[in-house]
Each structure stands twice: as C-alpha cells, then as structure tokens.
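Residue numbers (the working numbering), protein chains in the order written: chain A, 1 to 244; chain B, 1 to 291; chain C, 1 to 479.
In case anyone wonders, no lab produced these hints; they're calculated from the structure.
None of the values given here were measured: they were computed from a predicted structure.
Glycine residues also receive a C-beta, built at the ideal position from the N, C-alpha and C atoms.
Don't take every hint at face value.
[What the hints assert, rightly or not] Beta-carbon label-pair distances, calculated as ranges:
1. C/Arg48 x B/Arg270: 55 to 65 Å
2. B/Glu82 x C/Trp148: 46 to 56 Å
3. C/Arg67 x B/Glu273: 14 to 24 Å
[Stated by the list, open to error] The following residues of chain B were derived to be distant from chain A, with all beta-carbon distances above 10 Å:
4. Asp22
5. Cys131
6. Gly141
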Amino acid sequence: MLKKHTVVEKNSVLMLIFVVIVISIGGIIEIVPLFRMETTIEPVKGVRPYTPLELAGQNVYIREGCYNCHSQQVRPLRDEVERYGHYSLAAESMYDHPFQWGSKRTGPDLARVGGKYSDLWHVQHMIRPQDVVPESIMPGYAHLSHKGANLEDIGKDMTALRMAGVPYTDEQIANAYNDAMAQAQDESDHHDGLMERYSKVNARNFDGQATTTEMDALIAYLQVLGTMAELKDYTHDGTKRSGQ
Amino acid sequence: MSDNQVEKDAVSGVETTGHEWDGIKELNNPAPRWWLGVLLISIIWSIGYWVVYPAWPTLSGDGERGGTKGSFGWTQYSQLKESQAEIVARKAAYLDRFNAASFDQIKTDEELYAFAVAGGASAFKDNCATCHGTGGTGSAGYPNLLDDDWLWGGDVNTIHETIRAGVRANHDETRFSEMPAFGEMLSGQEISHISDYVLSFSSGAAYDGEGKDLFEMQCASCHGEDGKGIRDFGAPNLADAIWFYGGTKGDIMSQIRQPQHGVMPAWEARLSESTIRQLAIYVHSLGGGEE
Amino acid sequence: MSDSAAPIKFFEKKERVFPKRVWGKYRKLKWAVMIVTLAIYYLAPFLRWDRGPLAPDQAILIDMPARRAYFFFIEIWPQEVYYLTGILILAAVALFFVTSLFGRVWCGYACPQTVWTDLFVWVERIVQGDRAARMKLKKAPWSLGKLWKMALTHSLWLLIGLLTGGAWVFYFNDAPTLLDEILHLHIPTTTLGWILALTFSTYLMAGFAREQVCMYMCPYSRFQSAMFDKDTMIITYDEDRGEPRGKHKKGESWDGRGHCIDCTACVQVCPMGIDIRDGLQMECIACGLCVDACNNIMDKVDLPHGLIRYDTTHNQEERIAGREEKNINTHILRPRTFWYMAILSVVGAVMLYSLVNRAPLDLHVLHDRNPLFVTLSDGAVRNGYNVKILNKAYDDKYYRLKVEGLDGYTIRIQGAGDVTPDNLHVFADSVGHFRAFVTAPKQNTARKEIRFIIEEVGEQGAAEMQTDVYESHFASSNH
C-alpha cells in the first residue's frame, strides 16, 4: 500500500484528480443542503420583517458588537428551555441578515428577551448596567441616549434586505422614515399607517426622551425579540406545512 | 530521487523521504498500526451512525427537515421532550399536592414548603433577580423584598396577587397608584418644607414649621397624617428607616416634584400559576414575610 | 550506513520471568502471609458488628449512598474524611519504619501485587508445570495440548480476578445481601462495572504486568531505597565466601575457590528475574526465595547455610574487615527508627484521642452573603444564617439555638410548621438544616463577632446538656 502511494505522490495529474475528488465531497456536503434551505424553516405564524425602527436598533446591536457576548438562540435543551422559554425556530431569524445566533454567551441569551423587562429597566441598564444588576460586567452604553437614530436612509437598508430575500413592500420602503419616527412616539399621525403595514408593533416612546435616539431604536429591537412567532399554535411535528 | 536510490537511515534501517531540515532527515515510517486501526474503526462506526441517526439531506424534502430520519427516530426535539418529561415526573410527586394545597396547608407541610421555596428560588433568579437583585435586596426604585416594609402588603396572599397582576402593568387587575407631580402645584420653598417635615418622622426630631400643614393638606390623604402610608393605595411609609427612592432631602424633594413610578410586569401570562405560587412563598420566606 | 549493524530498539523487549518452584523457611512464610491476607480480604466484609437498628451491622463498610464509612466501633461522616489522611500517614510511616528495619519486606510478602502474582504463578505451575516445562511450552508451536493448557491457565486467572473484583464490592454494600443478589444474577450495573474493572485489572496486573509493576509503575518501590541505611536488613550475597564461583564436582576440594557453585538456583526462583549475586538492586523485593533456594543447594553440597541471606551492610563490612559480627538487635534502635516510631506514636495517639472523643454533635453556621444584612423599618438589623446541626447519635434529638455576644437579639427560624429556636428537631444520624434570622436593635458597629450555641433539650426540660459553639459575625452597616 505504501508503495502504491508513491505513485500518487510522484504523478501530479493523478494527485490533482484525487485532491479534487476529496474536496468535492466536502464541498457537496456543505453546499447541497443550501439548495434545500426552505425545508429547514419550520412553518410558524406571526414572523414579520423588522419595522424600520427595529431595523435601526438591530444595526446598533451589530455596530456595538452585542453579539460578542449575547447569543440569540435558545437551544432545544431542557435547561435552556426552562430558563429562556421555547427553543428558537429557524423561522424566527429568517429575516435577520446577518443572523445573530452567536456562539458565545458572556451575557444571557436574548432570543426571547422581548417584553421580559420594562423599557425603563432597559434604559437604566443600558446607561449603567450595575445600577440594576450589581454583579453585571456589561459595559455601559449611555452614549446611545445622546445620539439620534440614523433613520434618514433606513429605507435603503430595507431595499438592500429585500434583495437578500426579506419581503419588504414598496409601500413599506417608501414610508420607512415616517414609520420609524412614529414608532418611537406615544402618539403620532402615522401610527395607523404603521400598524397597517406591520403587525403587532410596540409603538411608544421607549427611552422617555423627546428625540428619537439610538436608545429608542435598540430598545424597540430588544422588545420585539422572540415575541413575533405564535408559538402557542406551533407544534414540532403536528402542523407541518399547515401554517403556510 | 529515483526508486533505486532510496536512502536508508543507518540506525533504524528505515527509508527516508528525502526531506531534510537542518541535518534532520524524515523517516518514511508508515502511520502507526493502532492509529490506522482507529481511523478505520471510526469510518465503519460512521456508517452505523448514518443508519441510526438523521444524517443525509434528501432531495425529496420528506423526513426530518428534508433529510433521512435514521432508524432510531431520534430528534433533538424528542430528546428535549424526554428530558422535560423526566423533570415533570420528578416534580409530579409534589406538584399535584402543591397545587391542591392552600398557602396555610403548605406552611405546615415541611415537604411542600421546601419544594415551594426551592422552585421559587430558581424562578426568582430567572425572572425577578434582574430588578430585585439575586439576593432580593432590590436597588433604588426596585423594592427590597427582605425587609419588613411593604408597599402593597407582605402576607403571602398579597405577594401572590402582586406577582400575578404586577404593578402599573399591562393587566386588567394590576395594582395602580400614581403620585401627582407636585412640582406643578407647589413652589420649591413649599416642597422643601414638606421634605423637612417628612424627614422628621423617621429622625424623631421635633418639627415646628409650615411643612406640617402643607403635608396634612397635600399628602396625608394617601400617606396618612402620621406619614405611615396606606397600603391600599400603595402609598409608602415615610416614617421608617427605609426609603424607596433615597432618603436624603434632595431625593425626597425630587420625588415630590416629579415622582418616579416603577413598573412591575404582570407574571400571570408568562409564568404558570404554580410557579407564581412558589414565587410568592419564596419571597415570603426571605425574611420580611408577614402573617 | 552499514546494513550489518543491528537496528537499535527503542523499547527493550520484556523478558518473561518463569520463577522456579522452591521450598524453605521463607517460602513457607510467604504462603502463610498469602493465606492470611487473602482470608482477610475475602472474609472481612462478612464480619458483623451490632450498631443498633438504624445503622448497618457490617463491621467494615463504606456506604456511598448514605455517605458513611464504618470500621468496627468507628463511624466516619464525609466531613471527617481527614481520618483517612491520618490512616494514610500512619500507613506511610509504618512502611518507612518497617523498611528501615527489614528492607522491602512489605513488597516481598504483603503487597497485593506480590500476593496475587504469587497466586497466579502458582496456578501457572499447577497447569503448565515448573519453570523448564513452562519455558518449553512457551517456545513450542501451537498444538491442541498447548491451547488447552493456556486456555485453562487464563480461565483460572480470570476466575481469580473475578473473585477479587467480586470481593471488593462487598466493602461497599451489605455483603450477605449482595452475595445473594450476585448468586441470583441481579447485579446492580455500578457493582457489575466495578467487578469487571477489577477482574481485568487483576488479570492484567498479576497475569502479565507482574514485576513490571514494581519496576516501572510503583512509586513506593522506588522511594523505599531512601529508607535504607547500613543497618537495614537486606538480601545479601556473601561475596567474600562465595567467590570465585564455579562448577563443583562431588568430592572436589573447596580450597582456593568460593562456595558459590554457579548453579543459578537463586536466579531461577527469583520472581523479579534478577541475579542477587550482583549485589543489592532496585528490583529486589526482599522476598527471600533466593535464600531458600541457595540454602537447599548448600545442604546438597554439605556447606553451611547463609551464602545468600538476610543481613545488614554493616555486618557485611564488619565481617570482611575481620571484626566480630555485631548483634543485629543492638541496631534496631537508631535515630531513624526512633523518629519513625515517634511519628507513628504521635499520629496514632492523636487519632485515637480524636476518635474516642468524637462529639456526637456538630454545628455549622453560614452567614448569608447576599445580602449581608437587612435594615428593618425601625432601624433594627436582621442577618440571615444557614444553620446545620449534625446529630451523629442514633436517636432523634431536639436542640435550642442561642447567640452569644449580641444584646437584645431575637431569633426566628424560617420554615414549615411551628419551628422555634427552642425546638429544633434533628432526626437520628442525620443533618438538620435550618434558616435562622437573627434580629438585633440598631447597631453602632459594622461588625460584631458572635457565637452560636446549641444545647440539647432533654425530655425532662434541659436535663442533659450538650453544647457546641460556632463563631460567626453579625454585620450591620458601614458606620
């Protein structure tokens, strides 16, 4: 066998053929499932694309590197389900580009953090986490309160995401700025339009300040995490495809 | 190097590969037999693995998320279900009895009480500790659950009700109180007088000033003439050593001028009734519980 | 580059040792020790010791699920595992002591590795014959006869291994019950695992590894050399008398030659496969089989015993120098042995004292750390403590908890039912856990050292009193 191997080692063409074969096997195993992606997404009702304000919040989330310490994926393990709630479904992150599953938890998982804490708590926690959780090692993000959210060109983000497969409508993109501003206010003339274009929207002044800051955007994003999917109707095996 | 000129190592008698680094030549030893054996066994093992576990994507889209199912029928979801069933079975020994028993009965049953406190403790760490602290001591604006000062009452039924419906929460039966912002009604001087008078309750110092009348007119309807608060309104006791939003004069003035109002979520929708009852018993057991 | 040179072996091939059968004083002693030690090992778990209805009646038992260890009158709780340290220290010092006096007699006679190896060699000899026959059989090509002999040997080895592993588990379970279970093949999985693990380790260690264990694995065999001095009894070859060695024909004169007839009997019987005539070697386990072998030969050639014998280096030197041999007894007490004895006595006495005076009651108090204290509405301060009362007696007890060093305090016990600090109930032979809240009026100091005291409450009031104290502190605030 050893002798035969020298044949391969000394014949570059033969070597090349074998190398190509070996690499193709690995490549095929990685690539083929991507063509069947839709079969991996569970049918569940309620998941919608992010509103413009939430999308701005996600941009802040990514910019500040939150994913370095927080994952957004409740794994189907008993202790995680006990702690965070229903395990995450692929459908819940199908409009995330890039997805925020993460691979490391210095802080807790955030996949189902939406609605768990009050807006005021989030504001205090962002400004100085140790005020509410003394043992926390999370850094403060007070600067988010001072900086206006970047909403002027959020419509362009949405256009880009549409190219990646997120089903934003022309109407949603056209009204992006108004929708974003409306969502961060307790009362607004644009609320009706916002509610019409997106289901189950939290529209309120998230950070208590008059201006729409990055804090508003981030909290709007955090408060919607894990709340969209109608998990009460979801069963893993029973309702296969009936949701579509 | 051609075949008929293979160099052999003098010491071991093994052929070299012809590679040399700093005078050290690489011997052309085959991979150790045991190593090769392990590799082959792993390959054979993997074939068995394909058969019994979900492994290959299929084109038909049938099967587990469009892949082979494997003869064991294993999925991580069924594994989760099994491990959850295990816990349910372990809890079942107590849970039925716990759910059927009243708070009074639980208080006399050592086993159920220990079960409730243990279950409450873990639910507390997950859901409550974020605001009330892991030890239950709270912080400014988030009440300490260990002391004997309660805004809404500290017996186990009242605690249960507070957890269930929350405070200023999105719930029909939520507890609600709102102190008016006196900054719009009173002058800074008047607020200062009231603050002095409020401080005299706990310090015990004699007070003889305008603050007394102002307090009785503006504040006593909720906080009581003696400043001891009225729990029905969630109006805190101002005459004790415990302060919710800080006990300096500045803190008090600021709270009178523009009061802060905390929100506690209603847990009825998020937690099971059983868990809420366990939490109530746990919080009651922390030291401040009233009869 | 020369092909003629034999390639270097990176690992020396192990030469199998085939010890020859031998008769004599030390062989008899070795048989006796083997019988006694094996008997203790196999029978000890079946000894009974009455401890009343609440505790197991097995004399020697390590009860893992209940977290208790029993040794006759001694009962050890997990937190008293330091007794194990004491036993290990005693065992180590005793080994040093014996080694400094008599060399590696532990290795030669009593070590389990030696005992089981000896047993396995005995089986090997019964089935395959003595040294020469065994060596021949090993070289012989495979035949039905060889297969049968080999299979029988290994089956017997495995059977002994099984009995060894089987006996081990009795120390961790009620032996008669477990024996019954094993005979009916209802063996708990864990137990089965241990039995199998010990079966195979016995089979490997005593069947194959043998002297390799002593040479390469055992640390004791290496550091025992450090206990040797000139007055330690070791196996010696009397070079002065034996050399020059050579073959001897009956009737030849012994003049001008040594008494060693180079018969290699001492080498053939050695379980370690060494030649003692090369002097003291690190492999020698002082079993004395070569002494027996040589003495038997000396009988045949009508020479006195003792060409190979237990002796001290000191004696040898004296003899070579032509001086009178010293009486060995005078060298037993020397600084080294004295100190070993002293350590042995002190450790033994301390352990005996603490065992005899072992309190049937213990108290542990842990102050809450989160929070350290709670300020109450009237300014009073409340601390939380976790109190553990260890009742090691065999009946239920009631205790009263008190605090010393704190004025005007009150204690409240948090728990189900009407528990008060005056009636803390702890079941027999178990630990009672209590949450205690100690409240004291407004404090002027941030920290106060306090002592918790428990008293046993007797049936007629506080008739018999036993107290145990535990120090903690009372935190208030950062004044």
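Hints, verified against the model:
1. At roughly 58 Å, the beta-carbon separation of C/Arg48 and B/Arg270 lies within the given 55 to 65 Å, and the hint holds.
2. Our hint of 46 to 56 Å for B/Glu82 and C/Trp148 holds, since their Cβ atoms are close to 51 Å apart.
3. At roughly 37 Å, the beta carbons of C/Arg67 and B/Glu273 sit outside the given window of 14 to 24 Å.
4. Look at B/Asp22: its CB is around 23 Å from the nearest CB on chain A, clear of 10 Å, so calling it non-interface holds up.
5. Distance check for B/Cys131 against chain A: the nearest CB is about 6 Å away, which does not clear 10 Å, and the non-interface claim fails.
6. Non-interface call for B/Gly141 relative to chain A: violated, since the shortest CB-CB distance, roughly 8 Å, does not exceed 10 Å.
Of the hints listed earlier, those the structure fails to meet are numbers 3, 5, 6, in rising order.
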